[in-house]
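Trainee: Combine the two chains into a complex, taking the hints into account.
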Amino acid sequence: MTANTTSAVKPAAAFTRTGGAPSARRKMKSFYPSWFFLPAMVLYVVFFAVPTFASFYFSLTRWSLFNIQFIGFANFVEFFQDPQLVNGFIHTFEYGFVTSAVKVVLGLLFALLLTGPVIGRGYLRAVIFFPVLVSTIGVGIMWKNLLDPFHGMVNAVLGFFHLGQPGWFTDPKLALMTIAGVDIWKGVGIATLIFMAGIVAIPQDYYEAARLDGSGSWQIFRSITLPLVRPAMGTVIILSLIGGLRSFDIIWATTGGGPGFTSDVIASVIYKEYQAGFYGLSTAGNVILFLVVTVIMVPISAFLNRREVDL
Amino acid sequence: MRAERIRARVVGVVAIIATIVVFIIPFLFVVDQAAKTPADAASLAFSWPTKWQFFENLVGVVQYNGGVIFQAFINSAVLTVFSVLITTVFAAMVGYVLQRKPSRWNPVINFFVLAGLIVPPAVVPTIWVLQDLGIFQTMLGMILVEATFGLSFNILLFRAFVATIPKELDEAAVLDGSGPIRMFFSVILPLLRPVLATVIVVQAVVVFNDFAGPLYFLPGQPTVQLTLYQFQGQALSFNNLLFMDILLITIPPLVLYVFFNRQIVAGMTSGAVKG
Chain U
5 MTANTTSAVK PAAAFTRTGG APSARRKMKS FYPSWFFLPA MVLYVVFFAV
55 PTFASFYFSL TRWSLFNIQF IGFANFVEFF QDPQLVNGFI HTFEYGFVTS
105 AVKVVLGLLF ALLLTGPVIG RGYLRAVIFF PVLVSTIGVG IMWKNLLDPF
155 HGMVNAVLGF FHLGQPGWFT DPKLALMTIA GVDIWKGVGI ATLIFMAGIV
205 AIPQDYYEAA RLDGSGSWQI FRSITLPLVR PAMGTVIILS LIGGLRSFDI
255 IWATTGGGPG FTSDVIASVI YKEYQAGFYG LSTAGNVILF LVVTVIMVPI
305 SAFLNRREVD L
Chain E
5 MRAERIRARV VGVVAIIATI VVFIIPFLFV VDQAAKTPAD AASLAFSWPT
55 KWQFFENLVG VVQYNGGVIF QAFINSAVLT VFSVLITTVF AAMVGYVLQR
105 KPSRWNPVIN FFVLAGLIVP PAVVPTIWVL QDLGIFQTML GMILVEATFG
155 LSFNILLFRA FVATIPKELD EAAVLDGSGP IRMFFSVILP LLRPVLATVI
205 VVQAVVVFND FAGPLYFLPG QPTVQLTLYQ FQGQALSFNN LLFMDILLIT
255 IPPLVLYVFF NRQIVAGMTS GAVKG
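Protein sequences appear in the order of chains U and E.
So the mapping is simple: our numbering equals the position in the first sequence, first residue as 1, plus 4.
So the mapping is simple: our numbering equals the position in the second sequence, first residue as 1, plus 4.
The following block holds chain E by itself, in its conformation from the complex (with noise of 0.2 Å):
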């Protein structure tokens, strides 16, 4: 008992120190490198910043290109919130009723979930059919794409955990005579309640983080992670900034995780395990 003692602090003691080196001094650098001049961050190196002006630079970033931080940021607020509201849902009345009801029409569905997950999309056609519907490029086309994208995996998370809801509770609710859409969100959608902060965190840490979506088909709109490439053309006269707006626009994800940790942890790992 006593050498497993020693054991778990020699063992926690050096992945403590190997986490220190391989993930806590990249950020601290990113840090580092949103507090310096120009030219300190230009010189790329590790060094406590000759200037430090870490305010300086966040205002510098907001009020870089005419503010279009602001811009980007509602910009990719709308699109996280809508797509991820409405794959929420669209994917928990799928993977409800797919658990729920035994049809020879499962395998079907089944195996276009899988294809949803699996196939990469096609680019130029789906602009191509954006544009005859006349939505490429705005808002709303943006969001139903992502919300698209992101049925598949939910599907697949909200099916697992459902599974785990005895139906009991269904047959309740059907004799209380409520109907199919009442019963799903007074009762299934409380139920989810783990499994939905999984989807709703992830989702919108996914919807938000995403580069090539908005470079396809939201082209001339800015959204967070396209500020980025603003600072980039710029050879490195700007890296302080570049590195500020990193830090800036890690703070919503960040925000997030640290709010549902626990439950996205229990939620994933329950969808994912059972496969």
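Next up, chain U with everything else stripped away, as it sits in the complex (with noise of 0.2 Å):
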């Protein structure tokens, strides 16, 4: 921890001396205090950087409440040996890539129609976004309630029109798709909001000219909303992929992973492993999430961040 505080102090006499700039603007510089990073930097340290170097040892153990024992990558084999283990393991990816993909395409759907030409716009606006503030493990119950398979009022409603009647939590096949319908139902706000702020950003000037070129709304939005909110797109694609692949409440709330293991992900692996007292297993999900969510999320970023320095 020393050695992370000295070294958050150094640039700031690196930079005095660094000499060339006017005088003013080297005073500016040295004005701007580097130890203003500190607090931040002592909870960063403790509470993240610590523990997420730890659980790389962590995950090489068997550890329990009482005693540590290092066991190599038994921990990392006997996970995907395990077919429980190795699904939720797939279920990650599956939930992740499906509530981020449609998130994309249903905020930018709802921020079209609310920049647009349309009556209601502040009640539509504050509705989509509401149940984005509502607990997640209140909107998990509510669903799980309304999806009943016997009693729901989906499925009476479904049974009247005879349309079958769907399991959705207590269908293996079902289980997984159904919580990321209800996290897209939670989160498609935010999505929304964020695209709309894109879209308010983009010059009327464009469309004014397309519109003089006799060009089409579909073209429209080919050619200029659709580039255009581009940045906006990489912020919701980040911040959906991040949420998604490390969901836990959602699941927790609804299924608890099942029924069976159908619905479990790598975060839900860890809780139960952690509630089964096997820490070490339990890490060893950590140190996969975490390279999970970096081998997916770096390339995205980069990608996504070059696009947003083209424009």
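No incorrect hints appear here.
Just so you have them, the derived chain E footprint on chain U, three or more residues with Cβ under 8 Å: (1) 58 to 66; (2) 147 to 153; (3) 266 to 278; (4) 293 to 301.
Have a look at the derived ranges for each label pair, beta carbon to beta carbon: (5) U:V299 - E:S190: 43 to 51 Å; (6) U:F77 - E:S182: 54 to 62 Å; (7) U:I94 - E:A176: 53 to 61 Å; (8) E:A176 - U:F74: 54 to 62 Å; (9) E:I28 - U:F57: 42 to 50 Å; (10) U:Y211 - E:P223: 51 to 59 Å.
Quick look at which bits of chain E chain U covers, simulated, 3 or more residues with Cβ under 8 Å: (11) 6 to 20; (12) 45 to 58; (13) 97 to 103; (14) 121 to 128; (15) 243 to 257.
Derived from the structure by calculation, the hints contain no laboratory data.
Small disclaimer: the values here were computed from a predicted structure and weren't measured.
Idealized CB from N, CA, C, for every residue including glycine.
Mentor: Okay, structure coming up:
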């Protein structure tokens, strides 16, 4: 920790030494105090960086309440040999990509709707955003009731029209995607909001010019809105992927990973192993989640950032 | 022009009907359930309550389990207020200097900020750190953990917003002879007000609604999200109280949103779109 704090102070000293700039500028630069980084850095190092680095070691141990024993990669081997844990691994990808993709598409659609000519805009915006504020556990419980296969309101309506009675959360084939649907219902408001800001920021002249050229609305969308809304799209993709890949609350509130293990993701496996007292295995799950998220997010954010600079 | 107005109306009406079905009816269902008798609520039907007992259920939730919900609200309030305070001030300090001061260290700092946003926290090792510091299962530990988890996102918001504040304002403050701390609190922080509202409200909602954090790091002490679980184990016989509890714990975020609606939208988007 001390090593880190000294390195935080160094840049300030380094900067005052590099001369060449007019003295006022230089004074300005040294004026911004580097120790402003310190409080956040202490928290970050103690409660985030240290646990993250420690997790690499602990994931290689058999770790219970009372003792800790180095066992090499045995936890990872177990993780990828146990079909239930492998399922959780695959589900994490499915869940992350589905929720993110649908949020991008629906968010953009809603944003186009809300920035175009439409009545009741204030109401529509508020109602789409509202679920973002409600507790995830509350939303999960609510949908568990609404989607109850035998007594739920949704199946009552479907039954009325003779449209079948899906098991939603209780059907092993449907459970994960049902949860993804609830996640989208709850989170699409943020995506909409970000897209709206992106669309509003596009200068009106472009649209007027296109209209004078006689472009249709599809053409305008394809060649003006879509390319220029890309920074907002990048933000939506990154935020929703980060959230989706580590999703836990909503799964825990609806199915608890069930039926069986059919809606488990890595985050719920981490909790289950932790609860069972397998701290080493739980931490191995954490390291795997870390690797999954990093492997997916680094190229995506690099790609999106490059595009952003191009514009 | 006339065709456009008709279109706006048709699209609007369709959208309003769709949102009533998809969003409003589920919420009404929550209110409906919260007003029913236990037997009624256990049937899960979206029906008019046979006996309207909204107030009785409210009392029922408040008295349940020796009034644990009071303790839960106090815990959640303390956790939210202090963690948001710490994150906001610390993240504003970083976001401000990070944007203002060009340094060859900035890429490194930016990397760690992004890492903090992307990397999922390691659960058991964090408990291990808290235990070593003697603050596992304490409110202090929980506050510091929540404050840490909020840093990255808020640093990004602040950094993006500081970029829109003219540098001349800092320079004027320096000429006035005020030191960095005074300048930060008397010049910068007031200028940050729009994004400050965003950060505070969004962070407060996130912490107040957090479930996994207290589940892992504050076991044994109730927070509002965990109170929902005391009704969950009981089959459906307390379904009415469960839904009343959902209503109760939705009120604080809702109040915040109603008051700060416009600032949240403005601040959130100004930060987010510029990345």
